[in-house]
Amino acid sequence: MVSEHITSSEERPLTRDEASRARERQFWLSLYEQMLTIRLFEEQVNELYMSAKMPGLAHLYSGEEAVAVGVCAALRRDDYITSTHRGHGHCLAKGAAVDRMFAELLGKQPGYCRGKGGSMHIADQESGNLGANAIVGGSAGIATGAALSCKRRGSGQVVVCFFGDGALGQGLLYEAMNMAALWQLPVIYVCENNLYNEYTPNSETTAGDMLARPRAFGIHTEEVDGQDVRAVYAAAVRLVERARRGEGPAYLHCNTYRFYGHHVGDIQRSYYRSREEEEWWKAQRDPLKLLGSWLREQGLAEDSHFAEIERRVRALIEAGVRFALEAPYPDPQEVAQHVYA
Amino acid sequence: MSMPSASSTASAPQAPAGWREITLGQAIREALAEEMRRDSRVLLLGEDVAEAGTPFKVLSGLVEEFGAERVIDTPISEAGFTGIGVGLAMTGMRPVVDIMFGDFLTLAMDQIVNQAAKVHYMSGGKLKVPLVVRTTLGATRRSAAQHSQSLHAWFSHIPGLKVVLPSTPYDAKGLLKTAIRDDNPVLFFEDKMMYQLRGLVPEGEYTIPFGVADIKREGSDLTIVATSSMVQVALAAATELEQLGISAEVIDPRTTSPLDKQTLIESAKKTSRVIVVDEGYQSYGVTAEIAAVISEGAFYYLDAPVKRLGALDVPVPFSPVLEDLTVPTPAAVVEMAKTLCGRV
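Sequence lines, in order, name chains L and R.
Per the numbering used here, the very first residue in the first sequence carries number 149; after that it's consecutive.
Per the numbering used here, the very first residue in the second sequence carries number -18; after that it's consecutive.
For the record, the hints were derived by calculation from the structure and aren't laboratory data.
Incorrect hints may have been included.
Under the rule of at most 27 Å between Cα atoms (straight-line distance), these lysine-lysine pairs were calculated in the DSSO-like manner [claimed, not checked]:
id, chain 1, residue 1, chain 2, residue 2
1, R, Lys242, R, Lys158
2, L, Lys256, R, Lys109
3, L, Lys256, R, Lys107
4, R, Lys38, R, Lys158
5, R, Lys158, R, Lys107
6, R, Lys319, R, Lys251
Residues from chain L that keep clear of chain R, each with C-beta distances beyond 12 Å, as calculated [as the list claims (entries may be wrong)]:
id, residue
7, Leu162
8, Asp165
9, Ser168
10, Arg169
11, Arg171
12, Leu196
13, Arg224
14, Ala245
15, Leu343
16, Asn345
17, Ser351
18, Ala382
19, Ala463
20, Pro476
21, Pro478
22, Glu482
Just the calculated beta-carbon pair ranges, DEER-fashion [to be verified]:
id, chain 1, residue 1, chain 2, residue 2, range
23, R, Pro(-3), L, Gln332, 48 to 54 Å
24, L, Leu330, R, Lys38, 20 to 26 Å
25, L, Pro349, R, Thr188, 51 to 57 Å
26, L, Pro480, R, Ala312, 39 to 45 Å
27, L, Tyr477, R, Tyr282, 41 to 47 Å
Heads up, the beta-carbon is just placed ideally off N, CA and C, and yes, glycines get one too.
Could you put together the complete structure from these sequences and hints?
Put into structure tokens, the structure is as follows:
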């Protein structure tokens, strides 16, 4: 992601400081670009839903981009992730392509799952994505098993299990964490605490201290501002490195917020959260704005950088949507294919 | 390779060269050990599978040979370790998960039905789940309602899963080796009352393909389709029926998914009368599906509706006098066969 050979427009070689600054700029701008890609991807998904071009529903990741991007930036391509029903951000951050993502969402043949998985089941072996999962907490066992596989094979890979605060209500998560701790597996449980279990505030569903739960298993636990991609990335690097060194599982609690409702059709939300609350998060805690401001303050980037990125991302999204809309639907014979390997 | 004629239930005279008599439990252990020697990706996990060798002692000796890294004792967390099995299978290993009592499959249903069975299809054929779930079925062990059920019909209902029901040591070994080599999730049901059943098994390597029924006994007047330990019940009934001049053919599908419809239908066309015996609950069960397959495939050849005999539709009771009333017996099969053949 970060180029090894950076030269300035001037003829003289860069000083060490300048080179390191250029690398820093390039790294954080690439994370900004990934977050913006997810943001604009999700806005387009909402559009496709509103204009009735997309079958079914989708659970948008907008607002939570810093978690997926910050964590996946700490991973190798061959590291594994498992994702959730709100998974578009994880898939993109781990390396999925926008066009095949859109194609899957529209149920088209060139989609990542040949149109058979849809929004909630995108899997991409090439980028280490073992699949989004529409059962809340459903991938805790799969992620932990993948980690046992990594350890058994001595592959040096690590696994990230993404889930939301709603999954804290599922017993499977605790069964899996218990075994990960017993067997010191290279798995990082990343909780995206967006405050709501679907339509219910987690204060009504989750007793005690959330962080005390992984700690009870002796799992190394950290809490981070999930809107600050720099903080998420720094924590993820720490946890991934210790997992790769064989120091066992970790739990990363990311405090975040979903800008849309539980899914695209969840428009009337006032019975569970206020408009003021939503506006506050969007105005004060938008991960794109936070990173953008920091880059400007540090003098690492200016308006022209952001304009250029936005132009590029919009072109990517537009091309992806066009690709998906024009792509063929699966052949009817596909219906009975791949039931068995 | 075909089974020598000596029946597993008959007192086999002299085993043919290269064959020996072992128990079904030993056959299972041999299959696991051979596959673990052949393929380092195969590993076992479950409750009390290592030093304890499971309560049925089927796995005794394996941890000594393969070590605790490949024979893994888990906490009592069926959902968790089954899910771990799914994740292992998706990432290059070939796990065999042990669910001690089939009744405990209920705790792992999401991982088997929503995850393992669907991953290959949902991913458009990219991800595979070569997972074996070994478990038990069968009543009459005086273990009451939560340790005695035969729940294989549930899994036979789910596309993406394969379901295996061995009835002899020979079948158990060959089918388990096939299960471990299969790239799909396979539910392997062992009747816990059959672990001591003895039968002939060859010394060398062999496998038995899925979806191929086995004619355990040839006959001409009546077909008895039976699964798992009900094959032994059917064979006992057939011996009695022979005394009455009724020639019964006994067919064991060996796998309910995939199901060898052709062999069942051909036999029904030959005999014109069919009884289906299975230890799962009769309602909405394996007997219903097989009866429907035969009725559709051999309708014009049948002299009577296909009859079914499953477990009584009650939770399995503890008291032996009650429990014994819930499972099909040779006597019940004989009575049904006599009625079907107009001998009452």
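Do the hints match the structure? See the list:
1. Our distance criterion of 27 Å between C-alpha atoms is met by Lys242/R and Lys158/R, whose separation comes to about 23 Å.
2. Restraint check: the Cα-Cα separation between Lys256/L and Lys109/R comes to about 22 Å, which is no more than 27 Å; the hinted pair holds.
3. At most 27 Å may separate the alpha-carbon atoms for a hinted pair to count; Lys256/L and Lys107/R meet this at roughly 16 Å.
4. Simply put, Lys38/R and Lys158/R have alpha-carbon atoms about 19 Å apart, close enough for the 27 Å limit, and the pair holds.
5. Of the pairs offered as hints, the one joining Lys158/R and Lys107/R holds, with about 24 Å between alpha carbons and a cut-off of 27 Å not exceeded.
6. Taking the CA atoms of Lys319/R and Lys251/R, the gap is near 18 Å; set against the 27 Å cutoff, the hint holds.
7. The claim that Leu162/L lies off the interface holds: its Cβ sits roughly 42 Å from the closest Cβ of chain R, which is beyond the 12 Å cut-off.
8. Every beta carbon of chain R lies more than 12 Å from that of Asp165/L, the smallest distance being close to 43 Å; the non-interface claim holds.
9. The non-interface label for Ser168/L is consistent with chain R: the shortest C-beta to C-beta separation is roughly 37 Å, beyond 12 Å.
10. No beta-carbon of chain R is positioned within 12 Å of the beta-carbon of Arg169/L; the least distance is around 40 Å.
11. Listed as a non-interface residue, Arg171/L keeps its Cβ farther than 12 Å from every Cβ of chain R; the least gap is roughly 33 Å.
12. Its beta-carbon lying about 20 Å from the closest one in chain R, Leu196/L satisfies the requirement of being farther than 12 Å from that chain.
13. Listed as a non-interface residue, Arg224/L keeps its Cβ farther than 12 Å from every Cβ of chain R; the least gap is roughly 15 Å.
14. With a cut of 12 Å on Cβ distances, Ala245/L stays outside the contact zone with chain R, its closest approach being about 15 Å.
15. A cut-off of 12 Å between C-beta atoms confirms that Leu343/L is not in contact with chain R; the least separation is 25 Å.
16. Every CB of chain R is more than 12 Å from the CB of Asn345/L (nearest about 18 Å), matching its label as outside the interface.
17. Here Ser351/L stays apart from chain R, with its beta-carbon at least about 27 Å from theirs, past the 12 Å limit.
18. Non-interface status of Ala382/L relative to chain R is upheld: no Cβ of that chain comes within 12 Å, the nearest being about 28 Å off.
19. No Cβ of chain R approaches the Cβ of Ala463/L within 12 Å, the least distance being about 27 Å, so the stated non-interface status holds.
20. Distance check for Pro476/L against chain R: the nearest CB is about 14 Å away, which clears 12 Å, and the non-interface claim stands.
21. Chain R draws Pro478/L into its interface by the beta-carbon criterion, the shortest separation being 9 Å against a cut-off of 12 Å.
22. Not every C-beta of chain R lies more than 12 Å from that of Glu482/L, the closest at about 9 Å, which undercuts listing it as non-interface.
23. Pro(-3)/R and Gln332/L have their C-beta atoms about 51 Å apart, which keeps the hinted 48 to 54 Å range intact.
24. Between Leu330/L and Lys38/R, the C-beta spacing of about 25 Å keeps the proposed range 20 to 26 Å intact.
25. The hinted window of 51 to 57 Å between Pro349/L and Thr188/R holds, with their beta carbons roughly 55 Å apart.
26. Checked against the hint of 39 to 45 Å, the pair Pro480/L and Ala312/R fails, with Cβ atoms roughly 51 Å apart.
27. Taking 41 to 47 Å as the suggested C-beta distance range, the pair Tyr477/L and Tyr282/R conforms, at roughly 43 Å.
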